[in-house]
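Enquirer: Build the full structure now, drawing on both the sequences and the hints.
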Amino acid sequence: MNSLYNFTLILHSWNRWIILIAGLLAIILAIIALVNKQGYSKTNKITSLVFISSLHFQLVIGILLYFVLSPITLEALSNFGAAMKNSDIRYWAVEHSFVNIIAIIVAQVGSIVVRRKSTDPKKHKATLIWFGISIVLIIAMIPMGMMGVSRPWFRF
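First residue of the sequence shown? That's 269 in our numbering, and the numbers climb one at a time after it.
Bear in mind the hints are in silico, worked out from the structure with no lab data behind them.
Here the structure is a predicted model, which means the values were calculated and not measured.
Check each hint, because a few of them may be wrong.
Restraint-style ranges between C-beta atoms, simulated for each label pair [as the list claims (entries may be wrong)]: (1) Asn347 x Lys305: 27 to 33 Å; (2) Ile370 x Thr311: 47 to 53 Å; (3) Ile340 x Ser309: 39 to 45 Å; (4) Lys305 x Ser271: 48 to 54 Å; (5) Gly349 x Trp282: 19 to 25 Å; (6) Lys385 x Phe424: 37 to 43 Å; (7) Gln376 x Phe275: 41 to 47 Å; (8) Lys390 x Phe422: 18 to 24 Å.
The beta-carbon is built from N, C-alpha and C at its ideal position, and this holds for glycine as well.
Expert: This is the structure:
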């Protein structure tokens, strides 16, 4: 179980970089397209698809970690009242998970909104707004030590 936990945690950590790169790239491409009055291209579609797909994959990995593999969340689930009194455990049991699920929902809704927009500028604006909100939420919940919780930037 420990090796499966470590492998899944590494996968979760590395997939974060795919999410950040694809999400930021989708936002940057939307800004460039708006400024240069470009159409919504195949590159825009692919970048958005990679972003959304990697978020869905991250959600599956996160659920596996949360309910099956992570000793931190399993401990929290066994005594939730005590977990809420410990800021580190509360971060993993509630804050990290909840805010990132919201970020995934925001991005998914955004991708649906983008598909339904009738003009390319509206598609780019929707990408910028919805994916922008999602990326801000995701970055806020990456454990970089700002909330007293830190993890390595790259796991091996």
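Enquirer: If a hint holds in the structure, say so; if it doesn't, say that too.
Expert: Results of checking the hints against the structure:
In this structure the supplied range 27 to 33 Å is violated for Asn347 paired with Lys305, their Cβ-Cβ distance being about 57 Å. Evaluation of the 47 to 53 Å hint for Ile370 and Thr311 yields a failure: the beta carbon distance comes to about 28 Å. For Ile340 paired with Ser309, a C-beta distance near 42 Å keeps the hint of 39 to 45 Å intact. About 52 Å separates the C-beta atoms of Lys305 and Ser271, a value consistent with the hinted range of 48 to 54 Å.
As the Cβ distance of Gly349 to Trp282 is approximately 34 Å, the hint placing it in 19 to 25 Å is violated. About 42 Å separates the C-beta atoms of Lys385 and Phe424, a value consistent with the hinted range of 37 to 43 Å. Our hint of 41 to 47 Å for Gln376 and Phe275 is violated, since their Cβ atoms are close to 27 Å apart. Between Lys390 and Phe422 the beta carbon distance is about 38 Å. The supplied range of 18 to 24 Å is therefore violated.
The structure fails to meet hints 1, 2, 5, 7, 8 from the earlier list, while all remaining hints are met.
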